[in-house]
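K.L.:
Residue strings, one per chain:
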Amino acid sequence: MEPGGDGSGRPVFRRDVEGEVREELDFHLEMRVRELVRRGWTREAAREEAMRWFGDLERLKRECASLGRDRERRQGAMSWLHETVRDVRYAFRQLRGAPVFSVAAVLVLALGIGGTTALFSVLDAVVLRPYTFERPERLVTVWETWQGGRGNVSAGNYVDWLELGVPFERMAALRWASFNIATDDAPERVLGVQATHEYFAVFGVAAAKGRVFLPEEDAPGRSNVVVLSHELWERRYEAAPDILDRVIRLNDEPYTVVGVMPEGFDPFTEGEQLWVPIAFTPERRAMHDEHYLTVVASLPEGIPVEAAERALAPVAAEMQRRFPEDNAERGIRVDPLHDIVVGPELRTRLFVLMGAVGLVLLIACGNVASLLLARGAVRVHELGVRVALGAGRSRLVRQLLTESVVLALTAAIAGTLVAFGSLALLVSAAPPGVPHLDRAQLDGAALMFALLVSVASGIVFGLVPALGATRQSPWRALGGRGTLGGVRNTLRGTFVAVQVALAFTLLAGAGLLIRSAVLLGREDPGFRAAGVLSARVSLPPSMFADGETARRAFTSIARRLEESAGIEAAGLTSQVPAGPGGNSNGLVPEGRPLSVESAIDARLRIITPGYFAAMAIPIVRGRGFTEADVAGGLRVMVVSQLIADLAWPGEDPIGKRIICCEGSPEDPLWKTVVGVAGNVQWRGVGQAVRPEFYLPIAQAPAQAFTWIQGTMTLVGRSPAGVDVVADAMRASVRAEADVPLYDVRTMQDRLRASFATSRFNAQLLAVLGAMGLLLAAIGIWGVVAYHASRRAQEMGLRMALGATTRDILALVATQALKPVAAGLVLGLAGAFAATRVLRATLFGVTPTDATAWICAAVVLGSVAFLASVVPAHRAATVDPASVLTRS
Amino acid sequence: MADTPNDWLHGTLDSLILTTLARGPRHGYGIARWIEEQSADAIRVEEGSLYPALYRMERRGWLKADWGRSELGRRAKFYRLTAAGRKRLKRDAVAWRRFAEGVSRIMLHARDA
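Protein sequence lines, in the order shown, are assigned to chains V and B.
For the first sequence, our numbering assigns the number 887 to the last residue and increments by one with no breaks.
For the second sequence, our numbering assigns the number 113 to the last residue and increments by one with no breaks.
With the rest of the complex left out, here is chain B (with noise of 0.2 Å):
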């Protein structure tokens, strides 16, 4: 059984990453800083999920990652979404709020029987 929000947290990174890129091209530090800022850090994103997924999604046309400068003035690799990625995300939204939605129902206000 799932202990921590970050057990639940396998199998949506992928739609937290793409929602985060919605809203702007981040390197992968930018990502996980601003998933657990919005969280207020109840989501602690792992650097061994986080690149990999990063890696999977860029693989499969949802990103697309450039070199760039990283506000510190060092190289870093920026990722941002694809028209791919875009509607990925759309499906994801929706689909993530019926999920949500049912779970809720169930667990926070179902009646015993």
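Chain V extracted, bound-state conformation (with noise of 0.2 Å):
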């Protein structure tokens, strides 16, 4: 007998326990009742004894009934238990049963399920999980802020804050700075960090070989140690075990090597190298007027971001009183590491992608319920026999369910390597300047996203063809042939018109970043980058520290250059667009008090008269510089449009004088502007144009070379072509200094690379617009052809009675694209709220953009259209006398 069966054939799960305890325990009460009367008691005295013998029967009962349903519930899970495993087979048999079904539902959910999985990886890597080392969520940055805009820190306000205490558990300061490794085969150039001791408590990383710094190391003349980065030491000094107390020689002085940090140390995603002490000079300490510092610090538990600025205010404000002139108007302000390094924007985007593959995964599903609706028309009489054995419909829907999950998991296995090769794919392809890109895979927690992502595509694509298929009563499937049409062709006609609305959403975004791709290749830069090379050279520290040791190296190397053979147009500066470095200054114009409040925040470019020549930059007032414009002459500077605009709105810039980068107020070396530049997107594409100004190389202040870290950027040009110029650049460099050449590019990359972010991105989303629109179209095809094949008789029907192929079209067709009408319209509400995402990301282009979405609409029609039309056209030109004599 089955548990529970008191024959009934209630299912256990509805036992009334409470009930059947109590006529048990009834029973019994009247037995001992009959058993005294039997005796000879009264029948009242039997019951008053027979309840004295029971005790407290009320607690009793509750006793039995809690025993009874714990009983149950072991009971219930087993069965469950049982039957779900039942369930699993029975799913593997339907699955071979039907291998055509299967192969195709298998395909189409590996491809959706891959994907996510492989951008999920791709999210954990990159926003989710990014750092290697403990609690980085509280790891902040902290800067000054000044008119509105977040500077750097200057070491004087560096080392006052921490005397005057700050609110962080550790703190430390660093600057990025370039490294002349020289052995003597090999010299080369790398990327480092000057750091003050703190810097590797901060993030609680200790060194994987040696020590990081000690505090004494952390002072002038103590300070020749350096940390090396996991991969320079492998790859330099192929991993050597004996790499400490070893000297190498970096910008040309010895250096100890005390230490190596684990692999995968990268905080900033900057791809340093090596750290050495920062080391402040006494002199160093009291400027507070050079702001150069990044800042970074740990957050004590339980002290949240905010409270941290907060608490700092007070500090800034005695910062203000202290130093009115370098610290007025500046505030400290704290933000997330993490935003720092991966940005919101970045963020968006990943999550865009991620709903963008989320939608293919929905169409996929669609399609696969689609084949289950029409399967479970062919299931209807197996279904219909096993209500009348008494299967309620919950435990069929529950088995049909089991059915779509199996097969969602099964479409995971195939879809794990899809997410393999896609991510592969995804990571090779990827611009640079993705953070952590190269550190996603598919690790457990992208297994176990697959694994939770199937079976919520099973539960999605199965529910609604299960309810649907164990609608009916069985009597109707056993004895009828069961067509059932009206309530499966609405199904199937929802199914269409969602897919339809999904693939309009994603068709809708991918136009847009198309469009925003485009217009960004089109923008005009305000240079010219065709065949401009650019490269970098750094002089080492002995030679800047003089600058006028170094404005003599890099004049020389700039007339070389320009001398070389074949070169058209050459000059230095030190900053190229789209280019790393750079640096700021306040400029007051003339007239203006001489304060921060009437200061213009503006870039610096020292550059050589060549330069504009070189770069194509237009001069559109006055005139650029002259071999004329040299040391003790009138200082002479180019300012850019937007400052003229912003100092001198409507007046003639040509004459007026401006105070910037030196000088003081009983003395202010006026600076004259003798020519107006045109904007340059200074850090490429996409960006806002800051203001930026130029002086000449041979007037501008020595310690600029200090600021610039003594390199600069040559830029050239050559109608033979860019090796031309490298070769030129390298001799004009070589015959100075002995010291590389490095990060040579063209401006043509540098520019590309800018906003090949913007350019992936729509690539990727249009391939996932493509995926999806195939997949909606399959869905339709294979829903009208099914149809017309269900209808064959009525077609051929008709084609008898006189009508055409052409009204048999007709009428096909129509059928079909009512709901992908259905499902435009829905598409457009959709894709409204889904493109609202996209505006962070867009450039040039509103999420609105009429353009985008009529592409969009014309393409998913005229597939829509040709999907139906052309199982239409089939089902249309069968031969009606054989239609109509098969039974």
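Source of the hints: derived by calculation from the structure; they are not laboratory data.
Here are a few chain B residues that face chain V, going by a calculated C-beta distance under 8 Å:
{"no.": "1", "residue": "GLY28"}
{"no.": "2", "residue": "TYR29"}
{"no.": "3", "residue": "GLY48"}
{"no.": "4", "residue": "TYR51"}
{"no.": "5", "residue": "PRO52"}
{"no.": "6", "residue": "TYR55"}
{"no.": "7", "residue": "ARG56"}
{"no.": "8", "residue": "ARG59"}
{"no.": "9", "residue": "SER70"}
{"no.": "10", "residue": "ARG74"}
{"no.": "11", "residue": "ALA76"}
{"no.": "12", "residue": "LYS77"}
What you are looking at is a predicted structure, and each value in this text was computed from that prediction instead of being measured.
Glycine included, every Cβ here is placed at the ideal spot set by N, Cα and C.
These two chains come separately, so use the hints to put the complex back together.
P.N.:
And the structure:
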């Protein structure tokens, strides 16, 4: 007998435990009463006595009921388990029995599941868990604020903050610098960090070999120690086990290796290869005016970022009081480290991608759901029999859902392969600059994600068909042929509509991104990038500590380069557009009070006269620099159009004077504006234009060469090609100093890199859109073909009665296109909502850009039309006679 | 210290129930009456202990309960041994014999030192 069998067939779960206990105990009581009555007791007395024997009847009933319920739960769990195992076995049999369906469904789902899993791996590595050290959420960066912007910290401020007390567990200051590593054969230029000794402690990471800096090594004269990155140690020193205490030459000075960091220690994802102590000099500690440090700190437990920022307000106020010229209006701001490394823009992009892949998965689910509906029609008989045998509807639905989940899990296995492949593809094709991307892999978290997504998909695409299939009463199924057109058709039509809506959303999004990328590509950067080569050269500190030596060296290099054979135009600059580096200074136009409020924060470029010509930057008023602008002569400056508009709106800026970069209130050292240059996209395409100004190298203040760390970028053009330029550059540099040329790239490359991310995003979304479109088209085709085949007899009849092929075609096509039209309307709403999310990543287009949407609608509409017309045509050209004679 | 045989009963009730049911399925009242009769009324089975014991043993899988018709014609819950219950009974019987023999040896026949 089945468990719980009292013959009524009630399933185990519904058993009334309390009622049964009551009935059982009442029976026992009654039997005891009769026993006593048999012995001569009266019934009332017998009942009293029997009740007394029972003791506390209520408590007994409760105890038994609780034990009974417990038993029910256990039995229920066991039987549920057995049933599920049975269902799974049955599901596999079903799948094997319908191989075409199974393979199609598995393939379609594998694409969706694999794609989402691959993207999850990327999200996990880049956004969710990017760091290799502990408590990354406790790490913050600390900045000075000025005029609404965020800026680096001066050494004087940093030191004084420490003294005044900061609400952090640990704090450290650092700056990036490039170093020449010289051994005899292979000089190399690497990025490194100069940091205060607490730096590593802030992250809580110890050296993998050796040690990090001691406090006493963070002082001038004692600071010739270096900690290497794992990658540098492996690559350049072949992971030598005796690396510690070795002396290497950095920028021509000996440094002792004291430690090697563990693999993957790269908190700012800048890729620095070594760390040396920053070793502030006493003079530097007192300097509050040069803002060049990045400050990183760790928050104590329980202190949120905002609280720390508030706690620093009095410190900022005190600094303003003590150093009014340097610190007026400077506040302090605290941001999570995560925001610096993985900006909100990147996060948005990744989540948008995830959403897009999710949409593809949903479309795939729609296809499988349609397929399942069709199969349900076939299985009506089998299901009807089971209902007649006593299976409840929920039991059947559970079994069908189990089949769906089994299907989805099978697809997940195939999907893992897809994920593997797409992840590899993504990582290799992705533009540079996506932090931690190389760490994305299919680990436990990704596999768990795949599992969850599969189960969810199985339920999503299986639920409606399961409910639909178990809807009808068993007698119709057993008796008739079970056509049941109406409900299924509506369901199938709904699936098509939903798929079309999702595909439209995808295509609209892809269209917007594509247009954005195209517009970015056409954007005028303000200079001519074609055919221009750029390369950087850094003089060692021994050469640029004295500004004059650096000035002479650079001027000489520039002259040699310009005079080289084949060079059409060439120049030097402290920062090239879309290139690294850069310094800012405040400019105060003449006539304004000499205070920070009236200063314009602008980017400085120190250039040789040939620079403007080499980059084809237009001089819109006045002139550029010439050889006549020498030291000791009139101090001249060229400003960008934006500065002219900001400082002297509506007036002619030529001849006006500006204070900047050097001088004092008593001796302003005015600079005269002699020219206005066109605005340049200094950070690359797609970014806002910033104010910038140019000084001739002959007149740059001596300390400027320290600001730029003795590094300048050469640019050059030659009709003979960039190789000629590169050789000429190397020769010019070699003649002046024994330093390597590095970061040799064409301006075209630099520019492209600046919008590589947008382009990549657009390409990816276009691919996803195409996939979604294909899947939706397959869905539509399948549905139309199915309908047509089911109605073959009807078609044959109509044709026999005189309908032409065209009539049949129109009939079938119209019926098919109704849900498509509904889907497009739905899709408009959905796309509107979804593309709002894209707003942050778009350039030059608004989310409601008509062109993109119209294109998407046209593409989708045409594909849908084709997908319905072709099978409809096949149906319409069937031979009526053969169809009618089929029974 | 134990005053009545019922105090010794605690702990052996399970075994008695299993033994009873080895002779065929019974309802709760039937089990109680059989034990009382077989022990010549030396053991009075309390309902407050019997039913919790029955429910516990069913939960552990030694018994199986089904509803059926009693002699009176009323519905009653009948218990019977499962295969696991039978195994348990065999074990209990062996253990009880050794225990009872040991206690009897000491209490009834031990010589005073």
